[in-house]
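**Q** Use these hints to put chain Z onto chain F, whose structure you have.
So the sequences go chain by chain: F and Z. Position in the first sequence (first residue = 1) + 3 = this note's numbering. Position in the second sequence (first residue = 1) + 3 = this note's numbering.
Identical chains blur together in the list; that is why a pair holds if it fits in one copy or across any two.
With a straight-line Cα cutoff of 30 angstroms, these simulated DSBU-like cross-link-like pairs (lysine-lysine) come out:
no.	residue 1	residue 2
1	K200	K143
2	K137	K49
3	K115	K49
4	K200	K6
5	K115	K6
6	K115	K137
Because the hints were derived from the structure by calculation, they are not lab data.
There are 2 protein chains.
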Amino acid sequence: MTKTTCHITVSVDGFVAGPNQSPENPLGEGGEDLHQWMVETSTWRKDGGERTPDDDMVDEILGGIGAFIMGRNMFGGGPGPWEESWTGWWGEDPPYHAPVFVLTHYPREPVKMPGGTTYHFVTDGIESALSQAKAAAGDKMVAIAGGAQAVQQYLRAGLLDELTLHISPICLGSGERLLENVGNPVLEPIRVIASPKVTHVTYRVG
Amino acid sequence: MTKTTCHITVSVDGFVAGPNQSPENPLGEGGEDLHQWMVETSTWRKDGGERTPDDDMVDEILGGIGAFIMGRNMFGGGPGPWEESWTGWWGEDPPYHAPVFVLTHYPREPVKMPGGTTYHFVTDGIESALSQAKAAAGDKMVAIAGGAQAVQQYLRAGLLDELTLHISPICLGSGERLLENVGNPVLEPIRVIASPKVTHVTYRVG
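Okay, chain F solo, but in the shape it has when bound (with noise of 0.2 angstroms):
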């Protein structure tokens, strides 16, 4: 069956962004050097570098995802509706490289982005964004990939099986918190990667 995680990035105090995030700062005040650990990586980089255990987690994200599902904020900021020619925060070449189903009230046809991420926009909820998802991933999993709001919405609902959590080693302060209005999900570690930088737990979501 396929698995439906979130690989997602918090600061030790448990921000996925720092303070007043804005269309020139998605990621907030500091919200950058969350994912340092990531690009980082020789992985990442493609310099042939040394691998750490990292590495691992990133090869987990790029290789094991078939799909992900991600939050109308994350992929294009605002409620939306968005022009026919804003494709979205994530460039040219969005670093997904597999169908992103973004949930939106707003319908929009498919966009087919380079290097093989394509946009399906889902206006009736998580549960549809999912099973498409799950269409989509073939035997790899589906990631919900963000925002925060996204993820607590699949988390409320009993809908993800595995939470990653990669820990940066840094507190933000104030910003957008991860683990806010999710009830009392029953989790459970099952894996701890750790390295200098970054420290990786994953839940089983019961």
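**A** Below, chain Z alone, put in the same frame as chain F:
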């Protein structure tokens, strides 16, 4: 040099106590569950059962710490002053078995408890408490026992050398947060110990 540490259990969403703390329920709703991992170790139970990685952690806490520092609330609740007969939340045989320096505004003679715990009341600030605790700790560590506000004060002041978070796999939703108003401490994960019940991450504080 005596190391200043803090070993503290937090929920995945960052709380050290649940909502609605009261004299009857000082850890708040759900707060007791945080410490399940510890009370279930054979070291804590002294039942000679099988050891897990969590026992190593308990060994470190019970054996490696020569003196504790504690906020007034964690000792006895409220701002004080306390009745002379009130020897705090921790009962007749407190689990510290070492000198405990209590941060308070109200002077009081030391209180010697059975089992090796002596409460010393420090009215001239966190640095004084730390000096006194270091002098008392010998070649062992000083630990900030809690609560959250005491830990925050030491973190903000740059007086903490290491922070070990025992991350319990529960969400409390609300309550007392650990990492609030701590500025931007430089944290470096230097050790991770994992078990099916809890994830222990030790950060060097820069």
